[in-house]
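From first to last, the protein sequence lines stand for chains A and B. In terms of the working numbering, the first sequence has 287 at position 287, counting the first letter as 1, and numbering is strictly consecutive. In terms of the working numbering, the second sequence has 265 at position 265, counting the first letter as 1, and numbering is strictly consecutive.
Just so you know, these hints were derived from the structure itself, not from any lab. Any given hint might turn out to be false.
To list a few chain A residues with every Cβ distance to chain B over 10 Å, as calculated [stated by the list, open to error]:
#1 Glu-7
#2 Ala-45
#3 Asp-122
#4 Ala-148
#5 Arg-175
#6 Gly-192
#7 Ala-229
#8 Thr-236
#9 Ala-289
#10 Glu-318
#11 Pro-345
Pair by pair, the computed Cβ-Cβ distance ranges are [claimed, not checked]:
#12 A:Ala-322 - B:Asp-26: 35 to 43 Å
#13 A:Glu-318 - B:Glu-13: 26 to 34 Å
#14 B:Glu-408 - A:Ile-4: 57 to 65 Å
Glycine included, each C-beta is placed from N, C-alpha and C at the ideal position.
Each chain is listed here by its residues.
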Amino acid sequence: MIEIFQERIRQAAARRAALRLRGGGTKDFYGNAPRGEILDTRAYAGIVAYEPTELVVTARCGTPLAQLEKILEEHHQCLPFEPPHFGAAATVGGCVAAGLSGPRRASAGALRDFVLGLKLLDGRGEALGFGGQVMKNVAGYDVSRLVAGALGTLGVIAEVSLKLAPQPQSEGTLRLEMPQARALEAMNRWAGQPLPISATAWHDGELTLRLSGSAAGVRAAAAKIGGAAIDAAFWTGMREQSDAFFSGSEPLWRLALPSTAPPLNLPGRELVEWGGALRWLKSSADAGAIRDAARRLKGHATLFRAADKSAGCFAPLEPVLARVHRELKSAFDPAGIFNPGRLYPEL
Amino acid sequence: MGAALPVVRALREFLPARAVLHQEEDTRPYECDGLTAYRQLPMVVALPETEEQVQRVLKTCSSMKIPVVPRGAGTGLSGGALPPGDGVLLSMAKFMRVLRIDPLARVAVVQPGVRNAVVSELAAPFGLYYAPDPSSQIACTIGGNVAENSGGVHCLKYGLTLHNVLGLRGFTIDGEPIELGGAAPDAPGYDLLALAVGSEGMLVVVTEVTLKLLPKPQSARVIMASFDDVERAGAAVADVIAAGIVPAGLEMMDRPATRAVEQFVAAGYDLEAAAILLCESDGTPEEVEDEIARMKAVLERAGATRMTVSHDEAERLRFWSGRKAAFPAVGRISPDYYCMDGTIPRKRLGEVLAFIAAMEQKYRLRCPNVFHAGDGNLHPLILFDANDPEELHRTELFAAEVLEKCVEVGGTITGEHGVGVEKINQMCVQFRPAELELFHAVKRAFDPRGLLNPGKAVPTLARCAEYGRMRVHGGKLPHPDLPRF
Chain A
1 MIEIFQERIR
11 QAAARRAALR
21 LRGGGTKDFY
31 GNAPRGEILD
41 TRAYAGIVAY
51 EPTELVVTAR
61 CGTPLAQLEK
71 ILEEHHQCLP
81 FEPPHFGAAA
91 TVGGCVAAGL
101 SGPRRASAGA
111 LRDFVLGLKL
121 LDGRGEALGF
131 GGQVMKNVAG
141 YDVSRLVAGA
151 LGTLGVIAEV
161 SLKLAPQPQS
171 EGTLRLEMPQ
181 ARALEAMNRW
191 AGQPLPISAT
201 AWHDGELTLR
211 LSGSAAGVRA
221 AAAKIGGAAI
231 DAAFWTGMRE
241 QSDAFFSGSE
251 PLWRLALPST
261 APPLNLPGRE
271 LVEWGGALRW
281 LKSSADAGAI
291 RDAARRLKGH
301 ATLFRAADKS
311 AGCFAPLEPV
321 LARVHRELKS
331 AFDPAGIFNP
341 GRLYPEL
Chain B
1 MGAALPVVRA
11 LREFLPARAV
21 LHQEEDTRPY
31 ECDGLTAYRQ
41 LPMVVALPET
51 EEQVQRVLKT
61 CSSMKIPVVP
71 RGAGTGLSGG
81 ALPPGDGVLL
91 SMAKFMRVLR
101 IDPLARVAVV
111 QPGVRNAVVS
121 ELAAPFGLYY
131 APDPSSQIAC
141 TIGGNVAENS
151 GGVHCLKYGL
161 TLHNVLGLRG
171 FTIDGEPIEL
181 GGAAPDAPGY
191 DLLALAVGSE
201 GMLVVVTEVT
211 LKLLPKPQSA
221 RVIMASFDDV
231 ERAGAAVADV
241 IAAGIVPAGL
251 EMMDRPATRA
261 VEQFVAAGYD
271 LEAAAILLCE
281 SDGTPEEVED
291 EIARMKAVLE
301 RAGATRMTVS
311 HDEAERLRFW
321 SGRKAAFPAV
331 GRISPDYYCM
341 DGTIPRKRLG
351 EVLAFIAAME
361 QKYRLRCPNV
371 FHAGDGNLHP
381 LILFDANDPE
391 ELHRTELFAA
401 EVLEKCVEVG
411 GTITGEHGVG
421 VEKINQMCVQ
431 FRPAELELFH
441 AVKRAFDPRG
451 LLNPGKAVPT
461 LARCAEYGRM
471 RVHGGKLPHP
481 DLPRF
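In isolation and in its complexed conformation, chain A is listed as follows (with noise of 0.2 Å):
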């Protein structure tokens, strides 16, 4: 299979032809326009080793996501960035190109810091292989990071390994009432302090906090906290944006913020997560306006559902970083074939 996906980079190399990289297509309406020819990449699937005591797992592209997820809870283990699938049909390689991280992020880590290793099909059809299956790696450069969240214009994600953590023994789901300031400070304030909170999200006067952990750290975390215990298919909403905040036809933005920023006081509705680093935003407000706003707080904001996207997905770069960005992708794509204009219109 792999020789296939090759053969077809090779040729469309040749004919400086765009491909689409695509999986479940669960995450067609992340990032600009695609363009291209489609190579689908659900053709090589399969877990490709899973070593529970070594706590790492190695799949190729196109397994999918919920089937992983299947198998690593028979074995009490998980994936700890806890990535959104947004529908059935969600791949591995989609999950790592997109490089999106769910509730758990803020307490667990990103999913990029949960990348050992990848075997990568280049923009000349070469199979190159970085980082690898073990926790500790400097030998090279970190390219199997740099390619987590490239969306696919590095090249074709082939297979990755992905560390990997236990269940965690027990959990509990609490709710608060309190506005939104006060639910900032207090985020930040329990971040600092030995809970275990493993996810958090404001909205509209409640603060709903997931607690993680051993049976007695949980017990003795949610007496101190307080508040009333909700269902947990409460995250599951959040994750996967089935929550009815994210419903209605307005553009929904993402701010990623310092955690300390203070509420946003833009127009529209917000949905704070991740102990106040990761804002969303139901608003049909200007797109400059909310760009503006966000880099004033030190942060950026990401167009992430939009009919209309021709204010671009994400923040434009400082000239240098674009520059940089421009070289690393000649290196790998020097054709230009892999999802061009997904991320910005000059990658």
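Here the structure of chain A is known, so what remains is to put chain B in place on it, guided by the hints.
For chain B alone, kept in the frame of chain A given last:
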């Protein structure tokens, strides 16, 4: 004669004379880092104090096409800060200020010359700490940690430098300001922050680092477990992980290592055991009590012959003191030692230790082992005498064979010390030419003329071809007794 060097004159236009060293007696202390087998006198040493001075040093050198090698405390073990004989060693030693600690945001903003241990000391009044703790933490600097992606004994649970750095500020070789990451998560575009961490000072010069601080665990206890067989100790490590436990630290030392250490620090190790494990739990007192009980049960089933749990903080630190002092302790029982840094999948531990034992016979050299068992990172220490060139040569061959064995079992030639100049030949074994070419292209994206720390970490293809001609099949040299370089 040195003052006549054009680069010295150019640097003295904006740096005071004491910050531009070129006389041999001044530059001699910079001739090597922690890997003392490689030495080179730098042409010039520059010691800027401000970001603007760093920028001007870089602009001056890049316009004169002079190589620049950044340096922190010089504790690196792979020669990453080996100076350029024809260039400027850029010491960041004067960048010693902690600029800001924000306890609510749990962030510390520091200059690169700040020592690792200082960050945790200053964060302690807020109940916070900086997690990565390389053994050299009282001396090594944050800038060096960023360059090498340093680990420590707690990375299985808390990650490497990469996982604990939020942002970097610095300059490209051409003196352009560059900012990667920041206090806000998931910076737009490619993850250049991840690329820069561990890049061995070859992509950017860092002048400011934003670090993540974590709440200090309320309590921590460590189990010292003895095993009468090294492989059984390795299997016990896998059993702990399989039980769904992620220990805060999980270290192994074999008997030659514990015996060397015990003479040096009296840590209270069981010297009859073939290997000991140090297995730590941290968290709230309830969590620790629960986890220690679970770990003890697993270790017991795995065949531990003796177990001692630390009763108080003093005893816990004493158990760790031996592990942290392992390198200097070994330094006392041998004129010199050579520290390796391979990482392997844990399940291959028995095989690799047997291989190392065979190499001890083959090269007639002793090799105690300390091992970050939780994350598969081995530090075999070959004992030798550097005054005997033939013994040094055997040591290098021994090390090369072990590192290549690590690659063969699916691991890597360096877990946390970096490639530097030391392991550059083994890069040819771990990576294929197309992969090495891509690394060179990554470097060119930041440094098109190859002036920043040139010749380190990534070998040229010509060098690999030469190394390939020297090696024959199976990693054995055709005439192992002939000196090579």
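Hint check results:
{"no.": "1", "hint": "Glu-7", "verdict": "17 Å, holds"}
{"no.": "2", "hint": "Ala-45", "verdict": "22 Å, holds"}
{"no.": "3", "hint": "Asp-122", "verdict": "7 Å, violated"}
{"no.": "4", "hint": "Ala-148", "verdict": "7 Å, violated"}
{"no.": "5", "hint": "Arg-175", "verdict": "23 Å, holds"}
{"no.": "6", "hint": "Gly-192", "verdict": "5 Å, violated"}
{"no.": "7", "hint": "Ala-229", "verdict": "20 Å, holds"}
{"no.": "8", "hint": "Thr-236", "verdict": "21 Å, holds"}
{"no.": "9", "hint": "Ala-289", "verdict": "18 Å, holds"}
{"no.": "10", "hint": "Glu-318", "verdict": "7 Å, violated"}
{"no.": "11", "hint": "Pro-345", "verdict": "13 Å, holds"}
{"no.": "12", "hint": "A:Ala-322 - B:Asp-26: 35 to 43 Å", "verdict": "41 Å, holds"}
{"no.": "13", "hint": "A:Glu-318 - B:Glu-13: 26 to 34 Å", "verdict": "29 Å, holds"}
{"no.": "14", "hint": "B:Glu-408 - A:Ile-4: 57 to 65 Å", "verdict": "30 Å, violated"}
Against the hints set out earlier in the document, violations occur for numbers 3, 4, 6, 10, 14.
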